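4 protein chains.
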Amino acid sequence: MNKRKICVVVTARPSYSRIMTALQAIKEHPDLELQLVVAASALLDRYGSAINYIQNDGFEIAAKVFNVLEGENLTAAAKTTGIGILELSTVFDNLSPDIVVTVADRFETMATAISASYMNIPLAHVQGGEVTGNIDEKVRHSITKLADYHFVASESAQQRVIRLGEDPEYVFNTGCPSIDLAARILERPDFNFDPYLKYGGVGSKPDLSKGYWVVMQHPVTTEIQKSRAQIEETLHAVYNLNEPVLWFWPNVDAGADGTSTGIRAFREMHDLENFHFFKNMEPNDFLRLLINSKGLIGNSSVGIRECAYLGVPVVNIGSRQNARDRGHNVLDVNYNRDQIFDAIKSHQQNGKANSSHVYGGGDAGTKIAELLASLPLRFHKTIMY
Amino acid sequence: MNKRKICVVVTARPSYSRIMTALQAIKEHPDLELQLVVAASALLDRYGSAINYIQNDGFEIAAKVFNVLEGENLTAAAKTTGIGILELSTVFDNLSPDIVVTVADRFETMATAISASYMNIPLAHVQGGEVTGNIDEKVRHSITKLADYHFVASESAQQRVIRLGEDPEYVFNTGCPSIDLAARILERPDFNFDPYLKYGGVGSKPDLSKGYWVVMQHPVTTEIQKSRAQIEETLHAVYNLNEPVLWFWPNVDAGADGTSTGIRAFREMHDLENFHFFKNMEPNDFLRLLINSKGLIGNSSVGIRECAYLGVPVVNIGSRQNARDRGHNVLDVNYNRDQIFDAIKSHQQNGKANSSHVYGGGDAGTKIAELLASLPLRFHKTIMY
Amino acid sequence: MNKRKICVVVTARPSYSRIMTALQAIKEHPDLELQLVVAASALLDRYGSAINYIQNDGFEIAAKVFNVLEGENLTAAAKTTGIGILELSTVFDNLSPDIVVTVADRFETMATAISASYMNIPLAHVQGGEVTGNIDEKVRHSITKLADYHFVASESAQQRVIRLGEDPEYVFNTGCPSIDLAARILERPDFNFDPYLKYGGVGSKPDLSKGYWVVMQHPVTTEIQKSRAQIEETLHAVYNLNEPVLWFWPNVDAGADGTSTGIRAFREMHDLENFHFFKNMEPNDFLRLLINSKGLIGNSSVGIRECAYLGVPVVNIGSRQNARDRGHNVLDVNYNRDQIFDAIKSHQQNGKANSSHVYGGGDAGTKIAELLASLPLRFHKTIMY
Amino acid sequence: MNKRKICVVVTARPSYSRIMTALQAIKEHPDLELQLVVAASALLDRYGSAINYIQNDGFEIAAKVFNVLEGENLTAAAKTTGIGILELSTVFDNLSPDIVVTVADRFETMATAISASYMNIPLAHVQGGEVTGNIDEKVRHSITKLADYHFVASESAQQRVIRLGEDPEYVFNTGCPSIDLAARILERPDFNFDPYLKYGGVGSKPDLSKGYWVVMQHPVTTEIQKSRAQIEETLHAVYNLNEPVLWFWPNVDAGADGTSTGIRAFREMHDLENFHFFKNMEPNDFLRLLINSKGLIGNSSVGIRECAYLGVPVVNIGSRQNARDRGHNVLDVNYNRDQIFDAIKSHQQNGKANSSHVYGGGDAGTKIAELLASLPLRFHKTIMY
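Residue numbers (UniProt numbering), protein chains in the order written: chain B, 1 to 385; chain C, 1 to 385; chain G, 1 to 385; chain Z, 1 to 385.
Chain B with its partners taken away, still in its complex shape (with noise of 0.2 Å):
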């Protein structure tokens, strides 16, 4: 029998850490064969390249498709997806893939679901059924919409992409990918690396031995005016903190230059002593980095649902994780220095939190691989009411 060929579109450093276990367990997976696509950000050296930890896992990248349009404003958005449906239509047609998977919300994943479903082919979402504030939550249910199965990774989401019409036969609970790493690092959760030896970066070099925290905080796309003022907010609260303070640089997004032009103006008008900024790190250090620190400050998805898992406290800051599931872990707050630091302040008296396995247990790459080998063949859906 001929092998499946499942076509994974990976645009972004972030979606492949989502995706990452899904790509071995296809890999590995007898009846299935791996054809991965590279494509938007996750190619680009600024944005830390996907590519080159892609690569060291030991995937072979099928096809490597440059679409970004560079503007980091909201006309480039559209138009980098455009050229995206242009490219990855052509990619398809090489490739002739049984199935297409597309991973979560980013903009550009768009092009691969218009792409895959203007071409009857059948088409996999992972981590549909979500809640954010953002342009994300339009692109999430409009491409759950347009696809033929859905992995879902908890089961509010689950849920949710049923009541939106889709045939519950082909809406699974897999639990997210990205849990799945983190549960590996968890087993061996230890200190490998310098990570100002191994990222270089910019700044201060704080001491680490006796606790850290960490902070992400990326502009929210629907208000890319405000993105300054709201990272001003955090920059003051951290600051006031006065402990040892690791800030990795916002994604490529329009509204980053608000971000990154507030990041660069406070740091000309303070010393900060404690902080080191770093681009951007590979995923399985930066969860070590997580499990060791004291907390993640941000409104980094990873704050919801890796460190749900992994029992990292977290400050969540303002609307980007909007209704997403939480565990016990997290702390939701507005773009207010005051608030941001109380909430640090309670983490630090609680310490660690329990963990959630709100968003899988650890075996999500290998049920999606199973899924993907047993589903029935569809391009053809109608809505359930």
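Quick caveat, the hints were computed from the structure, so don't treat them as lab data. Given the structure is predicted, the values throughout are model-derived calculations rather than measurements. No residue lacks a Cβ here, since even glycine has one placed at the ideal position from N, Cα and C. Among these hints, one or two may not hold up.
[Stated by the list, open to error] Below are the BS3-like pairs computed for lysine-lysine, each with C-alpha atoms no more than 30 Å apart in a straight line:
id: 1; chain 1: B; residue 1: 226; chain 2: Z; residue 2: 198
id: 2; chain 1: Z; residue 1: 279; chain 2: B; residue 2: 279
id: 3; chain 1: B; residue 1: 64; chain 2: Z; residue 2: 205
id: 4; chain 1: C; residue 1: 5; chain 2: Z; residue 2: 5
id: 5; chain 1: C; residue 1: 226; chain 2: G; residue 2: 198
id: 6; chain 1: G; residue 1: 279; chain 2: C; residue 2: 205
id: 7; chain 1: C; residue 1: 64; chain 2: Z; residue 2: 64
id: 8; chain 1: C; residue 1: 198; chain 2: G; residue 2: 226
id: 9; chain 1: C; residue 1: 64; chain 2: G; residue 2: 64
id: 10; chain 1: B; residue 1: 205; chain 2: Z; residue 2: 198
id: 11; chain 1: Z; residue 1: 3; chain 2: C; residue 2: 64
id: 12; chain 1: Z; residue 1: 64; chain 2: C; residue 2: 3
id: 13; chain 1: G; residue 1: 64; chain 2: C; residue 2: 205
id: 14; chain 1: B; residue 1: 279; chain 2: Z; residue 2: 226
id: 15; chain 1: B; residue 1: 64; chain 2: B; residue 2: 198
id: 16; chain 1: C; residue 1: 205; chain 2: G; residue 2: 5
id: 17; chain 1: G; residue 1: 64; chain 2: B; residue 2: 64
id: 18; chain 1: C; residue 1: 5; chain 2: Z; residue 2: 64
id: 19; chain 1: G; residue 1: 226; chain 2: G; residue 2: 294
id: 20; chain 1: G; residue 1: 5; chain 2: B; residue 2: 64
id: 21; chain 1: C; residue 1: 198; chain 2: G; residue 2: 205
id: 22; chain 1: B; residue 1: 279; chain 2: Z; residue 2: 198
id: 23; chain 1: C; residue 1: 279; chain 2: G; residue 2: 226
id: 24; chain 1: C; residue 1: 226; chain 2: G; residue 2: 205
id: 25; chain 1: B; residue 1: 279; chain 2: Z; residue 2: 205
id: 26; chain 1: B; residue 1: 205; chain 2: B; residue 2: 352
id: 27; chain 1: B; residue 1: 198; chain 2: Z; residue 2: 226
id: 28; chain 1: C; residue 1: 5; chain 2: B; residue 2: 3
id: 29; chain 1: C; residue 1: 226; chain 2: G; residue 2: 279
id: 30; chain 1: Z; residue 1: 5; chain 2: Z; residue 2: 27
id: 31; chain 1: Z; residue 1: 5; chain 2: G; residue 2: 226
id: 32; chain 1: B; residue 1: 5; chain 2: C; residue 2: 226
[Unchecked claim] Stretch-level coverage of chain C by chain B, calculated; a stretch enters the list once three of its residues show a Cβ under 8 Å from a Cβ in chain B:
id: 33; stretch: 72-80
id: 34; stretch: 116-129
id: 35; stretch: 143-150
id: 36; stretch: 154-167
id: 37; stretch: 376-384
Based on these hints, arrange chains C, G and Z on the given structure of chain B.
Frame of chain B; chains C, G and Z shown alone:
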């Protein structure tokens, strides 16, 4: 006060008929400024360019967007959409509309929806919430999840959009603007033109004075390999009927080649003395043709929609209009020459059907314009569950 | 030793005829591997798809590139070229050719030239150095300045390319591959098919046994507003001739609408009992048609090129073939019905012309393949003065 | 009388300096209307956005075109050009210019040339006819063959364009507008700003009062694999010099990564107490910096062009400026640290060079505007031999 700028994108001849009275109402509304963009096949002669009707109707065109990539295959449909995004995002940049309106569910309307929503421009969707059997089905609901306002055409559509998680405050059953047009025509239904003279076309010129049937059957995107076989069933059924038939060539769509080839081959094999073939017809003339006909055969949405209001008997073939609401005028049949023939005969016995307001009462255009003028602007939404 | 990979991009039916024997020679050469890319109108049914001929001739197609943007206007020509660059650069990335070959001077061949030269792939240009009156004129010489090797078709073309500052070591007068084809046909010139039966077409079916004329007239890009008036002069002249005429519809080009509309209108106004209209014809059949005709009327380059070798009388109308080298078979006239008529009559008296080798002796394909196998690879050049 | 609409497309910071005085002269000309289009890297912050200078200089921008596809590889350069064509043809459609002006020879200027010439808009080319060692060489002469008017910068360039078969009536040696700018600055050459304060940058802040050198070295497109090795030679030579150095980061181009990486690595390995690194500088300030410097090292065209007029000593490295005309101020060397070092020393002994008018006398902008106002419109040409 500045007028609100309402940008409506029309991408095909049938879409124009479905939005025309709304365009008029927007144009005449004291608080609105109409920005009409004509794109895709609506610009192209060989699909019966809508542009002439549009200009004859007195509308000014703010921008023309050529984005149809030739190829009549599924890859070309995807790429046409990608090019549409590239072009429309430039157009929206130039026109700075307050609201963008996208019509119905043809594949290329997705370009309008993506460009507007990615650029944080409030998006109104006309005719969401319906159910059909096609790629249109995916496109329609996917656009619903990108849209901020919903102007639907029937009560069941309204319920469906709300079940899709949209805020009921922004979902309005306005009825369908195409019914407005039908209502106007029904006031003066007399034939005021000679179709052979005015529209040319090919084939015999059967005498229409003792009644005639109209046929309009498009290929179904998800069944393109079958499009030739499907059209042949209809051809045989109508041929056996032995009555005057006015036949319309199919829309441009992946699969149109199969349908067209089937028709051409049949013409060569048979002496079609009762058949005349038209490329297209002005909407008003087409409605008069229907009102004075014995009935409509095929899978056009006009049969489901306008004919409900007009009481014109319809033989609806196959899956294309699937689960759309119906008046009492429709008999549904499979791609089967006998079933088609029997349904025609049955209609012939019963004659004209009663008018049904299932798709609105003739004031949809006015309602839509009123809503566009008064609704609060928003481009940020969250699923309701 | 690895074979050199030679990627030839064919973008239109007439270009295919002009490169076919070179394709064969490349395919059969022991040191070369042919990568044939078929693009633009060569893929499209309605321009008499070259793809069928290509496949019948036994060529494998390495990639198909759909890049024709519909619109039949000048903007669409520019955009078609832009899309061609996007697509072809992906194709070249995938195929990694050692040399790319671009043929002649149609506007979309510029996409091949830009993609290859910008990607540092050595570029060979076939049929540079000629002179015509059209956008082709700009395109042709512009491509010469991007190309690394020049395979020209006549001595004057060779001199011209060298005067353009190209290194004489890389400029070769191979003759034109279309002459190879003509030479083969001339060995067996007999009509072995019934054109009406094999190619359909529309119009009367005049008796060809007592001689007939062939007409092929394309619009001129720089004179598109005049294309209808221009074709009318030819229509009148040929109509007055009152002899059997086989007329070929124009190429797709900006302005084709004017030409086509002119022909259609003339058909409706006149009873054309001597006219038959063809969409297109296999190159071999077309050559046989010419050999057995009384002559060719219009502005096709076939009249200048193949007909020189074949000795077929040609009435060449207008500026399109401008300053191309001519054999003794050509009479040049303006867009003027009287001049056209008189030239036809003059040919009628003189009959067949002598064969001229101005465009080569029938071995161009072999020469080109030999050069592609032996020339040093280079993509870096400097003007010679 | 209506003013002639002159659409100038600026695609990069250095191109802006090379056309700025012409823009002013067009803007001020009573018979001309300036339509300034800013595109490509000229819009992007990370390449030292020209847009700020443009707006500070009081120009209104008619359209912005984002067309840079990220990737810093050769495929991306091709695709950036393809996207440029798609976008610019829309812009030209909207602006309906009477003449389009394209500047110099960067790869993306080809998009301007193709869009204009394919749309039958008369095209003027500024700075054709020069000779360099790069993809620019192909691009420049290729654009000459598309252009209808030629405004060249030197006598040898004028001769070369005429030898390329252009009509001498349309080839004008206007001199280079960048010289106009240099002439203005030379009237008031005093340093009126603190470069460290005004432009930031990184590195030490050497004392400039006793003299300093300026370095600006870009990667060469046809030698991208060598860009890192090439920059290292310069770094070593200048490091050994042990005098204050102001170093400018390279342009965005395929290969910029190698150059940048080379610089960064050298910085980490050496203690560069005499080096300061700038991203970019306003043209006027940069000229003042040069006038007051000991000389310029690298391969920037400013060294060949403005520095000829200014008499600034230049060490020109490698093939990038190849066969361009030179004043007496230039010493040419290979990518070799010893040659570079020796040339610097030789300049140090000789001091300032004499001013040369090889690239014009400071009135190019006015001459160009005058020609644009008076030349007959034409978009149809034929090679002169």
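Can the restraint linking residue 5 of chain B and residue 226 of chain C be considered satisfied, given a maximum Cα separation of 30 Å?
holds (25 Å)
Satisfaction of hint between residue 226 of chain G and residue 5 of chain Z, Cα-Cα up to 30 Å
holds (25 Å)
With a cut-off of 30 Å on the C-alpha distance, tell me whether residue 5 of chain G and residue 64 of chain B pass.
holds (22 Å)
Given the proposed pairing of residue 279 of chain B with residue 226 of chain Z, does the C-alpha separation stay at or below 30 Å?
Holds. Residue 279 of chain B to residue 226 of chain Z sits at ~27 Å (cutoff 30 Å).
Within the stretch 376-384 of chain C, is the number of residues with a Cβ closer than 8 Å to a Cβ of chain B three or more?
holds (count 5)
Satisfaction of hint between residue 205 of chain C and residue 64 of chain G, Cα-Cα up to 30 Å
violated (42 Å)
Starting from residue 226 of chain B, check that the Cα of residue 198 of chain Z is at most 30 Å away, please.
With a Cα-Cα distance of about 27 Å, the restraint between residue 226 of chain B and residue 198 of chain Z holds, given a limit of 30 Å.
Need the status of pair residue 64 of chain Z, residue 3 of chain C: alpha-carbon distance at most 30 Å?
Given pair residue 64 of chain Z, residue 3 of chain C holds - Cα atoms ~26 Å apart, limit 30 Å.
For a C-alpha distance cap of 30 Å, please report whether residue 64 of chain B and residue 205 of chain Z respect it.
The given pair, whose Cα atoms are some 42 Å apart, is violated under the 30 Å limit.
Satisfaction of hint between residue 198 of chain Z and residue 279 of chain B, Cα-Cα up to 30 Å:
It holds: about 27 Å lies between the C-alpha atoms, which stays within 30 Å.
Mind checking the alpha carbons of residue 5 of chain Z and residue 27 of chain Z for me, to see if they're no more than 30 Å apart?
holds (10 Å)
Would you check the hint for residue 205 of chain C and residue 5 of chain G, treating anything up to 30 Å between C-alpha atoms as holding?
Violated, because 58 Å separates the two Cα atoms, which is more than 30 Å.
Violation of the numbered hints given earlier is confined to hints 3, 13, 16, 24, 28; the remaining hints are satisfied by the structure.
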